[in-house]
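> Protein chains in written order, with the numbering used here: chain A, 1 to 487; chain B, 1 to 515.
Careful, some of the hints might be misleading.
[Unchecked claim] In silico DSS-like pairs for lysine-lysine, Cα to Cα no more than 25 Å straight-line:
1) B:K63 / A:K428
2) B:K63 / A:K470
3) B:K63 / B:K161
4) B:K104 / A:K371
5) A:K371 / A:K428
6) A:K441 / A:K350
7) B:K104 / B:K63
8) B:K431 / A:K428
9) B:K365 / B:K431
10) A:K445 / A:K350
11) A:K441 / B:K431
12) A:K441 / A:K428
Calculated directly from the structure, the hints in this document are not laboratory data.
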Amino acid sequence: MDWATSLRLTAAEELLSISGLVLLLVAAWSGDKASRAISIAAVAVLAAAAALTAPALCAGAMGAGTSAFFGQVSADSFAAFAKLLIYAASGATLMVAPAFFGRLGAMRAEFPILVLFAALGMGIMVSATDLIALYIGLELNSLSAYVLASFLRSDGRSAEAGLKYFVLGALASGILLYGMSLTYGFTGTTSFEGIRAALHGGLSMGAVFGITFMLAGLAFKISAVPFHMWTPDVYEGAPTPVTMFFASAPKVAAMALSMRVVLSAFGTAQGAWQPIVIFAAMASIVVGALGAIGQGNIKRLLAYSSINNVGFILIGLATGTPAGASAMLVYLAIYVAMTVGGFVAVLMLKDANGEPVEAIADLAGLSSERKVLAACLAMVMFSLAGIPPLFGFWGKFVVFQASVDAGLVPLAAIGIAASVIGAFYYLKVVKIMYFDEPAGKVVGKSGWEHQALLALSALFISPLGYLLTKWLGELADKAAAALFHLA
Amino acid sequence: MSSFPILSLMLAVPLAGAVAFLFSDAPRARTIALAATLVDLALGGMLWANYDIGGAQWQFVEKVPLFAGFSWALGIDGIALVLIMLSVFLMPVCIGASWRSIEKRVGEYMAAFLLMETLMIGVFAAQDLYLFYIMFEAGLIPMYLIIGIWGGADRIYAAYKFFLYTLLGSVLMLIAMLWMVHEAGTTDIPTLMAYDFPIEAQKWLWLAFFASFAVKMPMWPVHTWLPDAHVQAPTAGSVILAGVLLKMGGYGFIRFSLPMFPDASANYAWLIYTLSMVAVVATSLIALVQTDMKKLIAYSSVAHMAIVTIGLFAFNVQGLEGSMIVMLSHGLVSGALFLCVGIIYDRLHTREIDRYGGLSINMPKYALFFMLFTMASVGLPGTSGFVGEFLSLAGIYQMSSWVALVGGTGVILGAAYMLFLYGRVAFGEQKNADAAAMPDLDLRELAMVVALALPVLWMGVYPESFLAPMRADIAALDARLARARPAGDAQLTAGKPKPAAADHATLESAPEGAH
Chain A
1 MDWATSLRLT AAEELLSISG LVLLLVAAWS GDKASRAISI AAVAVLAAAA
51 ALTAPALCAG AMGAGTSAFF GQVSADSFAA FAKLLIYAAS GATLMVAPAF
101 FGRLGAMRAE FPILVLFAAL GMGIMVSATD LIALYIGLEL NSLSAYVLAS
151 FLRSDGRSAE AGLKYFVLGA LASGILLYGM SLTYGFTGTT SFEGIRAALH
201 GGLSMGAVFG ITFMLAGLAF KISAVPFHMW TPDVYEGAPT PVTMFFASAP
251 KVAAMALSMR VVLSAFGTAQ GAWQPIVIFA AMASIVVGAL GAIGQGNIKR
301 LLAYSSINNV GFILIGLATG TPAGASAMLV YLAIYVAMTV GGFVAVLMLK
351 DANGEPVEAI ADLAGLSSER KVLAACLAMV MFSLAGIPPL FGFWGKFVVF
401 QASVDAGLVP LAAIGIAASV IGAFYYLKVV KIMYFDEPAG KVVGKSGWEH
451 QALLALSALF ISPLGYLLTK WLGELADKAA AALFHLA
Chain B
1 MSSFPILSLM LAVPLAGAVA FLFSDAPRAR TIALAATLVD LALGGMLWAN
51 YDIGGAQWQF VEKVPLFAGF SWALGIDGIA LVLIMLSVFL MPVCIGASWR
101 SIEKRVGEYM AAFLLMETLM IGVFAAQDLY LFYIMFEAGL IPMYLIIGIW
151 GGADRIYAAY KFFLYTLLGS VLMLIAMLWM VHEAGTTDIP TLMAYDFPIE
201 AQKWLWLAFF ASFAVKMPMW PVHTWLPDAH VQAPTAGSVI LAGVLLKMGG
251 YGFIRFSLPM FPDASANYAW LIYTLSMVAV VATSLIALVQ TDMKKLIAYS
301 SVAHMAIVTI GLFAFNVQGL EGSMIVMLSH GLVSGALFLC VGIIYDRLHT
351 REIDRYGGLS INMPKYALFF MLFTMASVGL PGTSGFVGEF LSLAGIYQMS
401 SWVALVGGTG VILGAAYMLF LYGRVAFGEQ KNADAAAMPD LDLRELAMVV
451 ALALPVLWMG VYPESFLAPM RADIAALDAR LARARPAGDA QLTAGKPKPA
501 AADHATLESA PEGAH
């Protein structure tokens, strides 16, 4: 293992960090007026990083040849899959953010740079194969995220969101670190491979505690029940583009990280983590669905919806099989498209003065005033509910298929029955948009970036998305195979 | 003809029409919708004409492995053929029924209907388990919108109820399907129809499918969404709901539950019998006391569907054929009855039976056709209703005379509530001046009721046209069910005929005029 190989394998991360630093200098010298140019540059950097990452996925890279820096990170196809989703979501955030902040006069040059650093941190998270690298990536992402949440300095809600996120995030990091220290103490190593080998013989009580605490910390990051309480408040308070970012990229990163930790490091201790994951999955589905029913704010609704979706993704994790992992990745890809589509649609809901409209009641009769927008939002809602022929169904389908194939039929049956509760509140949004008398609130127009992004995600979640199932499935299978290469 | 993807084309035509509405105004939307449905009807006619009776079991087969884990597989047998014909036949009538009564958001309305048509044909033509499920479930979205946007006063409650009830029923079926594919290793419906699942597993799978089909059917006690949805839906929505959507439940039983889980079907036949018997009696009695015309017909639908389930689980050819005919007949007749209600609703904007009366005086043509459909619903010989109900009850009589007895009361009660309805609406004195001033059928309405009346009579007089395409498939299903068929309580023993020669001889020797 030489340095050149390691540097080559982590080229995307290097590109992101160097460009981030350079753009930071540009920002320092030219000030906020350059923020639009920096945003464009940042999107270009993300695209380049994606181009650097894609070959590993297409080639199905796995095994020792992908391990860099002495087993700290692994640039395999699994990491590549997650990174591509993360870069795409980050890029989408950067596309819609300038319009939102610009109207408030709050667009500052640091925004795209923070997103870049967050993406860098997430890239490290998903490729980490060592507890230390894991923690560095996680904290790099979290620190950027805390600042992003409170980016609207003048807005009390934004500051509150940032503070809540910071305090609870720090608590979760502490729990995670405690779990990591226990794991290290009882296995004698920080590398995933080493932990896997050490746990193979049997579990000591300490290791069980280590696993439990680590899972609790990770559950916070993916906002799985019972560590979900921060989600609605942060999603509601944070500026909408940032909310869109939180709901998409870090979710993917944290979920991929959990997959790697659970399936790779703790892969031989399935008995210890499976009940926890099953509980978190069921609880997330039910709490996410029930919690959403009373919500009057569309951002809070989408927050509960993301909790609900995390539950479904975790069903894939509970199987502990390559098919389950592949299904999770497919679900994540579709989930990112639905989230981006949903939040872009929310960003496009503006009243006559351009003020954002967030109350669900104000969407009344949207379909007779803004036909296309309402249709897209309705598609997102039906898709999130998992109603065929929209593509959101496919995510749920593959996850349940994996769990049935793994013999977890009761889990699948209860999970899918609980999804009917969720359908109720998605339907409520459609009902308000289509059945109620027009409220005449949403009249503002939006820029072309919004329309393009919305059109793209709507096309993806439309039935045409099914034409991609083969391709998506193959990529996810390759990625999942890399994850299980150790076994 | 066999290589031409006619089924895909039939799916594509309404879909293309639905997309075209995004760019059209109201008058053009109506024309496009009518054109698209008529084209589909013509294609359906070609399908029927080219269907080779007695040929291969599955015809017009298309299979393109387009998706991960399942494929775009279409193909029909005789059972699917007649149901597709029913769908494409009812669609132009529905468009005609909404020609004037729908004024707001016409484009979206027509788009939703054409989307429904695509999905209905898709359900009947799908040869892939998952493709079937997607088509089956997807119908919820346009139907939710149709009820919710264009329905009556209580439309939102009805739309929710319809959606959530049917969704809950179906999701469990999805889990069962996943398990079946895992076990059998294929998503191909014809293969699965011949696959023998372990008996213990069959019972669970059967219950999961039952949960879905019983709601769609609908069977008592999960029928309560139907009266709400029917009453609140616009006329054309009711026609499609009663005419075709309910048939999806019956189709599900005959395509999935019976051939795939024959042992479990026999095992749970008592459940079907019990629920159906309760349904026949209870919903008929409920129908008797309704004051709302649409509700009355909706409850009568539940009763008729119970006759269908009774016939299906008779495990013999008569029962199965009878059920299919009841489904077809009910599709036409209840559709026509909803249309008749819609015609007078358009004039007076009420469905209260008491607000009408003596319509045969000022609307003689209307009264005539309304009577024909009433009689068909009752099951008068010569109409389609008689053929189906007779065969179904004859079938179940071989299995259980008690069920046949209770099921038979449905026919009597059906006559009671339908004739009572007809009497109150069409006969008697004209107590309401506004009802007495209503004009008779115009040309458009006349065209629709005549179009529905002809096949009702055709099926009643010469049902062979409709039975012939299905005969081989029903026989195949009967053979598949043979090993699981429970013993009936009717101990039929064949009589001892006289030797043929002797009989002949006596006839010969009898002197002319001895009779």
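> Does each hint hold? Answer for all of them.
Status of the hints after comparison with the structure:
{"no.": "1", "hint": "B:K63 / A:K428", "verdict": "38 Å, violated"}
{"no.": "2", "hint": "B:K63 / A:K470", "verdict": "16 Å, holds"}
{"no.": "3", "hint": "B:K63 / B:K161", "verdict": "36 Å, violated"}
{"no.": "4", "hint": "B:K104 / A:K371", "verdict": "14 Å, holds"}
{"no.": "5", "hint": "A:K371 / A:K428", "verdict": "18 Å, holds"}
{"no.": "6", "hint": "A:K441 / A:K350", "verdict": "8 Å, holds"}
{"no.": "7", "hint": "B:K104 / B:K63", "verdict": "40 Å, violated"}
{"no.": "8", "hint": "B:K431 / A:K428", "verdict": "44 Å, violated"}
{"no.": "9", "hint": "B:K365 / B:K431", "verdict": "20 Å, holds"}
{"no.": "10", "hint": "A:K445 / A:K350", "verdict": "7 Å, holds"}
{"no.": "11", "hint": "A:K441 / B:K431", "verdict": "48 Å, violated"}
{"no.": "12", "hint": "A:K441 / A:K428", "verdict": "18 Å, holds"}
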